[in-house]
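Undergrad: Here is what each chain is made of, one letter per residue.
2 protein chains.
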Amino acid sequence: MTKEEKRQQEKLVADWQALMRTFIRPENDAAKATLVKYMEQILFGLQGFLKKHVGITEEISLMKLSSGFTNTLISETPEKKLADVISGIVEDVAPYAVNVASPYFVGHMTSAIPFFMVHLKTIIAALNQNVVKLETSKVFSVVEKQVLAKIHRLIYKKDDDFYYKHVQNTYTTLGCFTEGGTAANLTALWVARNTAFAPKNGFAGIENEGIQAAYQAYNVDRSVVLVSRRGHYSLRKAGGILGIGNQNIVPVDVDRDNRINLKKLLETINYFQKAGRTKILAVIGIAGATETGTIDPLRKIGEICAEKKLHFHVDAAFGGAVLVSEKFNHLLDGIETADSVTIDGHKQFYMPMTCGMVYFNDPTSLDAVEYHANYVNRLGSVDLGIKSLSGSREANSLILDSALKIMGSKGYALLIEHGIDTARQMADEIKTRPVFQLVTEPELNILTYRICPENIRLDLDRGNPDKKRRINHKLNDININVQRIQREAGNSFVSRTVLMPRNRPENEIVVLRCVIMNPMTDIKILNEILNEQEEIFKSKFQGYVP
Amino acid sequence: MTKEEKRQQEKLVADWQALMRTFIRPENDAAKATLVKYMEQILFGLQGFLKKHVGITEEISLMKLSSGFTNTLISETPEKKLADVISGIVEDVAPYAVNVASPYFVGHMTSAIPFFMVHLKTIIAALNQNVVKLETSKVFSVVEKQVLAKIHRLIYKKDDDFYYKHVQNTYTTLGCFTEGGTAANLTALWVARNTAFAPKNGFAGIENEGIQAAYQAYNVDRSVVLVSRRGHYSLRKAGGILGIGNQNIVPVDVDRDNRINLKKLLETINYFQKAGRTKILAVIGIAGATETGTIDPLRKIGEICAEKKLHFHVDAAFGGAVLVSEKFNHLLDGIETADSVTIDGHKQFYMPMTCGMVYFNDPTSLDAVEYHANYVNRLGSVDLGIKSLSGSREANSLILDSALKIMGSKGYALLIEHGIDTARQMADEIKTRPVFQLVTEPELNILTYRICPENIRLDLDRGNPDKKRRINHKLNDININVQRIQREAGNSFVSRTVLMPRNRPENEIVVLRCVIMNPMTDIKILNEILNEQEEIFKSKFQGYVP
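Chains A and B, in that order, are what the protein sequence lines are.
Each step along the first sequence adds one to the number in this note's numbering, with nothing skipped, and position 94 is 937.
Each step along the second sequence adds one to the number in this note's numbering, with nothing skipped, and position 355 is 1198.
With the rest of the complex left out, here is chain A (with noise of 0.2 Å):
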């Protein structure tokens, strides 16, 4: 520390003074030009950061960096000015962040989002309302249950009467907001499970009474829920905090184009009805794979449930917002047979970390997992945490209601048409080069595919299943390898998952995997990035092909 620095490092007490001014909205015009100079720091400081690199270390600077943040002690005085808190950020931490709004960072579904979701969310913190209830949030309230309703007549375009009905309806609710898609499908699985066993003849209902009595109420001895194999780890995740056991997410095979297989499905719902002892809670029809973008055939999901009596899940986390599309919205054809439907706001309709939402076709559904409290959330009142699982939340909506206004949904179907058109531009260069193999077609923005040069895709089709896995294995490990020295090169990041193609351990593949969002990346940029892969595979792995 030189002596500048320590000199300014003892002006830094915690006074009673210092500490009134921050909480003080500024009276002069000297406060005011303080506080916008913060932000333009903010703002622009962080531009440098944002242009430069994707910026995935490699694992040995990793542990270099975190060396750099062992400190577990909390300075008893200030440290730092905001001032230089804020270019400390923009100097020290920025740069070994991910720079996640770069077009060449094709690897997740976290990716660019428009500037102006930075002020909104600025709107959010500065007003600092808790929609849990109306004391300490009013208008946003109402403001949520409108964009509830916008949301919900996307999915399921009930009419007029309808809405009208609902809208501002305090004793209704068409969804919830929740942190993220997790939490979304946990909502959904726990109404699901609390309608299944409902309250009866002398019993109180399992969200009172547990599961161990609701399994005898019933005559039951387990529950189950059934999604395909591309299913997200949510909801294994749901499954285990909702008591029923991770176990009991049953996968269901998937036909070639990583779909349900509705006749497999149909087999499983039957074996579980004929044996009895069985509940059914929930079928999940997935929109939007996270590792393959697939699409179930959610109409035929919701004919077989409607049959069956059974309620009907889909996971629109990633896919939903494609509702807003009229090019393309015909992929979710169906949705509006669902009983609930998980959307993400913070994947494709572009919100900042985090927002998810799950709506229910019956605006009653939320009822079974209502609670009160006696200092809020009293019985009839506007209150939004009387149906959630949350307690305390920030207004997010208020973020999706004006992103709405300001692109427009048509604004949104640009960006959609655009990563999916983007997708299959990729997907047929991949066709046209010898060295890779396009392993899913982009049904939405998302496509996997793999090096595995021409020559030997002759041996693999061919092979007998110990060759096949010979080979495939090798391959695995390329791919892994080109993954890791572009991710490490720091210029693009691809992600990297694994896949069973027709569900044959044989077939298990590492497969690159691009989730095409950010307006920014074109075919010119994804041509670079396989440049990249392809000359990493020539010049160190090309004598490792089998």
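A couple of the hints might just be wrong.
[Said to hold, decoys possible] List of simulated lysine-lysine pairs, DSSO-like, C-alpha gap at most 27 Å: (1) B:K924 x A:K875; (2) B:K1151 x B:K1253; (3) A:K923 x B:K1248; (4) A:K1253 x B:K923; (5) A:K1170 x B:K923; (6) B:K923 x A:K1000; (7) B:K1107 x B:K1311; (8) A:K1248 x B:K880; (9) B:K1381 x A:K875; (10) B:K923 x A:K907; (11) B:K875 x A:K1248; (12) A:K923 x B:K1253; (13) B:K1310 x B:K1274; (14) B:K1151 x B:K1107; (15) B:K1143 x B:K1106; (16) A:K907 x B:K1248; (17) B:K1274 x B:K1253; (18) A:K1248 x B:K923; (19) B:K1381 x A:K924; (20) B:K1248 x A:K880; (21) A:K923 x B:K1000; (22) A:K875 x B:K1248; (23) A:K1248 x B:K924; (24) B:K907 x A:K1008; (25) A:K1253 x B:K924.
[As the list claims (entries may be wrong)] Sample of chain A residues facing chain B (criterion: CB under 7 Å; computed from the structure): (26) L889; (27) I932; (28) Q989; (29) A992; (30) V1341; (31) M1343.
No wet-lab data here; the hints were simulated from the structure.
Note that beta-carbon positions come from the ideal geometry of N, C-alpha and C, so glycine has one too.
Given the coordinates of chain A, work out where chain B should sit on it, guided by the hints.
TA: For chain B alone, kept in the frame of chain A given last:
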């Protein structure tokens, strides 16, 4: 719509170029100036609102308000430009929000936050990291581990070696950030449940197989959680979600000071342990009860739990931050004996909505809720999403870390101490006013009182239960109305709740409740609030006193 407005709207088209502009970082000074102008509009446009009254509106105007938010159609084309959206929020929405930052708003745990918190939240939004995995957060995962260690150290005060070993250890976890206190309590009980029903010979564990199988494997038919009658409603909710049934969150009576009655606690534990076939998952101590601010005798509960080998959870969502105050941290004596602790960042760490945290004494406790997926959260990685209720999650830890640097623990201590000291001054003031009766002394910065004129207190003390009930019933009506009229007048806000001293039904009373968190709230303001209540009472309800 005027001609000019119509012309303006026609210009708002969702075209590709307009869209791209919202994603591109500003390259020239004009573009930069525009973005800063918007931020100014947010920071100072909202100021007018923030200086105004508290603004919790009466029921009738809420209905009128909702009637303006009934349009449920999403516009195809953009409705407004960002600037208009912001001015719309400033002019048409913010005035109907609740001014939780007013020093006259002393009704809830949602209060003013330091101005820099807004800047910090803006940084988080601008970088839009997702801490579910290293690949979308890098340095922020490292920062989060460091902050977790800092707060863990504040609670558990372990030695340097311990923190050196765990601060950046990718195999252990000192705690995790959650959406809020509800999710933190849920996480703690989830861990307690899974630890109580861990895998054993042939049984794969409750998370995997579910409650029914767990009860069979452990030869029980009930699980309970013990907490005083002052427990937060999120605990019942957690019991419902986790499948043990919310009626099995067993309320233990409190003593005269609203602390858990230790004798009753011991009796309850012995009852369940003796009868057998019931598993006690956890005993909960409250550090800052929501309604009264009371702190349970944590050290003694800890001793009981150690002796009886029970998981000890402390719900310090509200009171946890008091640990930074050397003057008052003795109130939390014994918290370090807890197996798990909930603390909210958006309460007495003055963070924006919302930030919860849960800490564990044992860095391997969270292993009980571990989940992996192929494309993220692979075994042994730094990915924070592996042991967490949440999936995608914003990087809130940087806000807390920065705030600790700007304020120092002493700065936070000043805030905490001001709240407690001021609450005690208010209690003294209430005692001097014959119209009011202090119901609960402020152990922390929360107190409850009611309108109960001195001259009828003797009647209440000497009356039989029937008479007491009659008198209290009338007083309750009066207090409900005085609180409502004050709230609707919009100058200040005190909340109300229901207490039942000595657990006797005839003692069920409506009380007024103050939470003093805003450093600008002083005894002068509190006197004004009491004066207003007294005036309302005297002018409208004095004749109704029995």
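Undergrad: The structure should be examined with respect to each hint, and the outcome stated for every one.
TA: Evaluated hints:
1. B:K924 x A:K875: With a Cα-Cα distance of about 25 Å, the restraint between K924 of chain B and K875 of chain A holds, given a limit of 27 Å.
2. B:K1151 x B:K1253: 38 Å, violated
3. A:K923 x B:K1248: 6 Å, holds
4. A:K1253 x B:K923: The hint holds at about 13 Å.
5. A:K1170 x B:K923: Satisfied, since the Cα-Cα distance of roughly 24 Å is no more than 27 Å.
6. B:K923 x A:K1000: Holds. K923 of chain B to K1000 of chain A sits at ~24 Å (cutoff 27 Å).
7. B:K1107 x B:K1311: 26 Å, holds
8. A:K1248 x B:K880: 20 Å, holds
9. B:K1381 x A:K875: 44 Å, violated
10. B:K923 x A:K907: 48 Å, violated
11. B:K875 x A:K1248: Judged against 27 Å, a Cα distance of about 23 Å means the pair holds.
12. A:K923 x B:K1253: It holds: about 13 Å lies between the C-alpha atoms, which stays within 27 Å.
13. B:K1310 x B:K1274: Holds. K1310 of chain B to K1274 of chain B sits at ~25 Å (cutoff 27 Å).
14. B:K1151 x B:K1107: This hinted pair holds, its Cα atoms lying about 15 Å apart.
15. B:K1143 x B:K1106: 11 Å, holds
16. A:K907 x B:K1248: Given pair K907 of chain A, K1248 of chain B holds - Cα atoms ~23 Å apart, limit 27 Å.
17. B:K1274 x B:K1253: With Cα atoms ~31 Å apart, K1274 of chain B and K1253 of chain B exceed 27 Å; violated.
18. A:K1248 x B:K923: 6 Å, holds
19. B:K1381 x A:K924: Violated, because 50 Å separates the two Cα atoms, which is more than 27 Å.
20. B:K1248 x A:K880: Given pair K1248 of chain B, K880 of chain A holds - Cα atoms ~20 Å apart, limit 27 Å.
21. A:K923 x B:K1000: Holds, at roughly 24 Å.
22. A:K875 x B:K1248: 23 Å, holds
23. A:K1248 x B:K924: 8 Å, holds
24. B:K907 x A:K1008: With a Cα-Cα distance of about 15 Å, the restraint between K907 of chain B and K1008 of chain A holds, given a limit of 27 Å.
25. A:K1253 x B:K924: Since the Cα atoms of K1253 of chain A and K924 of chain B sit roughly 15 Å apart, the hinted pair holds (cutoff 27 Å).
26. L889: 5 Å, holds
27. I932: I932 of chain A check passes; min Cβ-Cβ to chain B is 6 Å, inside 7 Å.
28. Q989: The hint holds - Q989 of chain A has a Cβ within 7 Å of chain B, the shortest such distance being about 4 Å.
29. A992: For A992 of chain A, the interface hint holds, since the closest Cβ of chain B sits about 4 Å away, which is under 7 Å.
30. V1341: Holds, because the Cβ-Cβ distance from V1341 of chain A to chain B comes to roughly 4 Å (cut-off 7 Å).
31. M1343: 10 Å, violated
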